[in-house]
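Chains as they are written, first to last, in the working numbering: chain Y, 700 to 872; chain H, 547 to 1171; chain C, 3 to 124.
Worth flagging that the hints you see were computed from the coordinates, not collected in a lab.
It cannot be assumed that every hint is accurate.
Calculated lysine-lysine pairs in the DSBU-like style (CA-CA distance at most 35 angstroms, straight line) [claimed, not checked]: (1) C/119 with Y/731; (2) C/83 with Y/746; (3) H/1052 with Y/854; (4) C/96 with H/1052; (5) H/1116 with H/1097.
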Amino acid sequence: MKNKFILFALIGFLSFCFVIFYKGLDNIKIYKPKINNKKDIPVFRAKDFNSNIYIDSEKIFEKGNFYLVNIWSSWCVPCRDEHPFLMKLKEHQSVRLIGLNYRDKLNNAKNFINEFGNPYTKILIDSDGTLSVEFGAYGVPETFIINKDKKIIKKFIGPINEKIVEEIKLIIK
Amino acid sequence: MLANQIGYYSLLLGLLSSFLLCIVSAKDFNSSNNKINQNILSLSFLQLMLVVVSFLSLIISFVNSDFSNETVFNNSHTTKPLFYKISGTWGNHEGSLLLWLMVLTLFIFLFLIKSREQPKKYRILTLLFQQIIIIGFFLFVLMTSNPFNYLFPVPNEGLGLNPILQDPALAIHPPILYLGYVGTSVIFSSALAAVVLNYISKDWGQHIKKWVLVSWIFLTVGIMLGSIWAYYELGWGGFWFWDPVENISLMPWLSLTALLHCITVLEKRNMFTSWVVILSISTFTLSMCGTFLVRSGILNSIHTFANDPARGVFILIFLFVLISLSLIIFFIFQKKNYKDLQLFWLSRETSVLINNWFMMYFLSVVLIGTVYPIFLDVISSEKISVGPPFYQKLITPFLIVFLLLMSFVPRLKWIKSKIDNKNSLIIIFIISVMLSLLIIKNLKVDLLFNTILVSAAFFLFFTTLKELFDKKLNIAQTLSHFGFSLLVLSILFNSILSSETITNIKIGERYNYSNGEIFLKRIEKKKESNFESIIAYFEIKDRNSKTIELKPEIRIYNQPKTITSEADIKTSILNDKFLVMSHVKGNEYFNIRYQVKPFMIWIWTSVLLISFGGLMSLFKKKNEK
Amino acid sequence: MKIFKIILIVFFSLGFYQLKSDEKTAAIEIKILKNIRCLICQGQSVHDSESEFAFSIKQIVKKKISEGLKEKQIYDFLKDKYGEWIVYDPGFNKNTYILWLLPLLLFFLAGAIMIKKLIFKK
């Protein structure tokens, strides 16, 4: 009797493991950080792309404005793909685009901007990649939306496309 | 083309012979004849030959770079050296499964030949259980991972083998590991057969111990080879990362080691019968779980295989059926025997129990650490990583106690015993503590914990060393235990004393690091058939002004286009000097990582000592007969 | 015997009072980097990885250490940005109670069963 009970308990446990593993098979194995809603903007100091002067983050982001922070680099191929969409977003008055030039050579980056146009109202230099870590990014390109209360409310990993542009337009309305 | 066809059809025939074998042996099972039907042996041999032919034809396809075969196309390339064309056969999922299958059929055939003195019914039943596993693998290969898929139109060139797999250690690592894994399948089948026939006894223990030893030796060496490969090929100078795939090979090893100790009690005293069966089942199950976890891609690991969820589902169901089946058989047929349960605190039996107790604990740590993230993710979709710190924290404190016990408990005799030579033990203990205290104090890492750990390891080291000279005890066992203490010591000192320097350097530059000077003399470019390499000539002068030359390489493989860093390692008795470099993007600098890793050679040597102990025990058995 | 004990006690008391944990910043930095998992090549630690991301993390860890942050604060900073996953050493919290305690529980349970079944049931 006792043996039977143990047997059933074991088989039950086994079935439980089976279900877990079966479900686990469908899960995505590559980890992506969750998008935690409403995070504060990190506090930092960064060099300005054009003037080469250090600016504090408080001076960059003002209350009552939507911001889009875009991490880009001249050596990153998907950044070229998303560039036209950024140019499109530039035309929207309700959002300001901030560029974060990630681990790039200044000359290459300048050539990139000259060739494809400048969608950003301000570009910051992130030569060692630490600035983008402060934002919680782990690759290029990545895009963050900051709301009027200076909170990060959305994050897009990878290049921006038609669909994402529509999504952003909805947010900033 | 032809080889492809032959391979496929002989695989099909192999499956057919499995069914035939089942029918013939089922018929023979109840016949009055005392000897096993000769047809069974012939059929088993035929099955082996069919799988061998199939495997050979896959090798031929690889050697000929026959890209009409999908597996060859995916994993080979015409410019690859012949050696890696051949080893590429089992460097991929399909081919490695075929190898599994071949070893499975080989082992059951060997079992049939080697078990002639055993009862007929037991042999047949073992064969039947083994055939269930074999059929499962045949179906798995044919349904989800056929190595002989046909490609049309025939491509001109293959995709190539991942360069980090093009390596001599990795060419022999899988076959040896599989010999270990598959050996456990024979233990599993025969344990089940013995349970059904109520044959778990001294005789059975004696007979199965050989299989346990053989599997254990192969598994030990196989794990070591994998570790050596990771050490010099992955380029970080580590040899064990507590990566899921490594853990998976460790789990059956722990279970098998427990079984190895336990089986001696069964053999000598006819005790722990149920426990032996449970261990036999769990060892094989863990080997299979390993296959499942690796091949289904459910784990996130550095050693990745091409993933296909269908394969995962198949192994999962197969595994579920096997475990349930063995559990049911175990609970229905296992007879309780209370007669021999007299145990004294100080006895050989208790010492084995204690060993098993700790082995099971280590196993549970590794098992839970490996699968817990999967469970957590499915149940609460929280994602966590379980890495080296977890295992170190849970294992090391227990390892200390384990080492201390291991130093004197194996001396105990059967049934009832006492600890003799208490004084010499105490002296050795004090010497160990003093020695470790002296050593640790002179290092920069003065930590109480290190001292205790090192003392415990030294204690085992000296006691086993003394016993080796006394020659009173079982030498094979003492040798393995001595090897284990040496392993722990080398790993400890390796982790405490390792030093490394990372810097960027360009040609002609000298870099002063805390312990000397690194000088990059020149670089040289070379072209091989399947890669181009940049060889850098470094001169490293350490404080004692001894200069050594190291030549790390960067290789740019053509197919698949991959860049690898080949470390250059100078091995000496005391330490390994390990230098690896990579290109810094966009300029003339090289990023180098120079490491001095003490006692590396001792880590490998001690593992060899451990397995050599097993080998001695195996041959001692033969001589006794 | 007694002499041994005395020697032992004296030795220990002499030896251990000097044992302090005195880790250098470089060692701490390597320890931290080895404990952070790389998001790009997900089987490796940041210390072993050569990806762009790993480079950035190395920079930021260096920066944070020079700013005087403690090991745990750096982990918390990174966990806040990338989630619990980033650290190889799972903390002891409601998600990991089972992970940490189950092996220990099994160890003591097995010990209890062993004693009950084999020693006292003669």
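Cross-check of the supplied hints:
1. For the hint pairing residue 119 of chain C with residue 731 of chain Y, the CA-to-CA distance comes to about 49 angstroms; that exceeds 35 angstroms, so the pair is violated.
2. In summary, the hint linking residue 83 of chain C to residue 746 of chain Y is supported, as the alpha carbons are separated by about 22 angstroms, within the 35 angstroms threshold.
3. A C-alpha spacing of about 40 angstroms is found between residue 1052 of chain H and residue 854 of chain Y, which places the hinted pair above 35 angstroms, so the restraint is violated.
4. The suggested pairing of residue 96 of chain C with residue 1052 of chain H is violated, with an alpha-carbon distance near 50 angstroms, which exceeds 35 angstroms.
5. With a C-alpha separation of about 10 angstroms, the suggested pair residue 1116 of chain H and residue 1097 of chain H falls inside the 35 angstroms cut-off, and the hint holds.
Checked against the numbered hints above, the structure violates hints 1, 3 and 4; every other hint is satisfied.
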